[in-house]
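Make a model of the complete structure from these sequences and hints.
Order-wise, the sequence lines are chains A and B.
With our numbering as the guide, the letters of the first sequence map in order to residues 27 to 307.
With our numbering as the guide, the letters of the second sequence map in order to residues 27 to 279.
Hints should not be assumed to be uniformly reliable.
Straight-line alpha carbon distances no greater than 16 Å define the calculated EDC-like cross-link-like pairs of lysine to aspartate or glutamate that follow [claimed, not checked]: (1) A/Lys200 with B/Asp108; (2) A/Lys118 with B/Asp87; (3) A/Lys187 with B/Asp242; (4) A/Lys118 with B/Asp108; (5) A/Lys187 with B/Asp84; (6) A/Lys304 with B/Glu171; (7) A/Lys200 with B/Asp84; (8) B/Lys44 with A/Glu119.
By construction, these hints were calculated from the structure, which means they are not laboratory data.
Here the structure is a predicted model, which is why all the values come from computation and not from measurement.
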Amino acid sequence: MKPHTKQRIAFSFLFLCTLLVILPVGLILIIIIKNGLPALSWQFLTDIPRAGMREGGIFPAIIGTFYLVLGAIIFALPIGVMCAIYLNEYTKENIFSRLIRLAIINLAGIPSVVYGLFGMALFVMFFKFGTSILSGALTLGIMILPVIITSTQEALRSVPKEFREVSFSLGISKWQTIKRVVLPCAFPGIITGAILGIGRAAGETAPLLFTVAAFYLPRLPRSIFDQVMAIPYHLYVISTQIPNIPEKIRYGTALVLVILVLGINLFAIILRIKLRRKQRW
Amino acid sequence: MVDNPINIEVKDLNVWFKDIHALKGINLRIYKNEILSIIGPANSGKTSFLRTLNRLNDLTDGFRMTGKVIFDGKDIYSKDIDVNLLRIKIGMVFALPIPLPFSIFDNVAYGLQGRIKNNKEINQRVEKALKSAYLWEEVKDRLKESAYKLSGGQQQRLCIARTLALEPQVILFDEPCSGLDPISTAKIEEAMIRLKNDYTIILVTNNTKQAARVSDRTAFFLSGELIETDITNKIFTASMDKRTEDYITGRFG
Ligand SMILES: Nc1ncnc2c1ncn2[C@@H]1O[C@H](COP(=O)(O)OP(=O)(O)OP(=O)(O)O)[C@@H](O)[C@H]1O
Ligand SMILES: [Mg+2]
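Shown next as structure tokens:
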């Protein structure tokens, strides 16, 4: 075979593989948009579910997801950032710090349903928060901690070591250096990590199963000890638990979820590019 | 120079990084208001020596030392030393200009903020420092601009101003002109000679001509050892050690 022909075959093969990756993503989007778009309306987004969830909208689920995600990030961002600062700036490479790193990597690999179980045991039962926004948000928060810690660590590592040395050489203490130089430089990376964490939290069902999610609760929550509906769980419920649900309500809900999560990720990417472009060193 | 009071006295200094013995039994006196230049080939321990004087090596993994560095009548490695205060008194300018990602003004004010509450005083100190570093005329109308908009030579003078703003007693320069063109180099050398009146200066340089031009005394380092120290003129015309002469005349290193 001529080298030229060989190259063409290799090229076609690689192209095919790439296509195989893009194809499912495209198909999912197309099917969801095609079936879901007819359901999307102002009313769908702002109305409560009616007629046994077969009509009406998904407003309580949207609000529920909003509260849960907000709670999760309020809890996870400060803890995750502090943890990353400790690991990156205050510990030298030793067995202990390697163990922590290993733990964080493993934490990221735990199936989300296990987080749900853990959240139920700890927050719902042990701390007696009950099935509530608080329990759900904390469970989601723990689940996204690894995302936030790793992205913050990466952001801290990208700050030149020389900046720290210059600051120390000017008699500025370590903590002040972190506060005044390192964190501002790492800010874009930290924020992007936080938003990716939000995106992850918004799309998860399993951690909510036993900690917060209400099957059907067509009113808005009054306190953090209330249950709420959430979009992913609502989708699960109407897809599996309720007979004769109109197709378009299911796909409409899925479409809202996909737009939400993709939108959050897209926002994170754009923000990162914007902030990166602004900073030069 | 040797008649001036002693400013820093280094006694039997040994430094290791893990198992590398970077400085071996250094004894050296640095006098007030002198420019001491340190010359020597790559890896001879010049940077390690400077970083020992402001305790920047403390942050390096595997750093160990023995011996004493007496400054202000105290060993700077004794327990009751405030390292941050020490680093204000012994300032440092690095080989490459490293402005912090702030404005020109904020770079110079960085070390003062938090320490001096009065904004007016900060402004005055910034202006004074920029003037002493011969940068004021070039930047006085653009203090709010990013420091990265300056040329390399201007950035290095900004870094000098940043150190001067703290009004240290000693300034350590680590090859401050290594990345600069001859004109920028001349400006920085001019600044150093003027600064000598108010500061003690230790200048590490890989440019022996620069050492000859600006320094009062010169120390020659080789493989972590201090081979000899003498009045610059003497080192360059009648050095005691053959190795010093070989280095200066460019026969090795
Ligand atoms: N952080 C470090 N970790 C390990 N070894 C180091 C470190 N810094 C310096 N060394 C070693 O110490 C020795 C002296 O290095 P130093 O940087 O002081 O030399 P130098 O005279 O400044 O050289 P140059 O002219 O290249 O700047 C070298 O062998 C170097 O490898
Ligand atoms: Mg060096």
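| If you check each hint against the structure, which ones fail? | Hints 3 and 4 not satisfied by this model.
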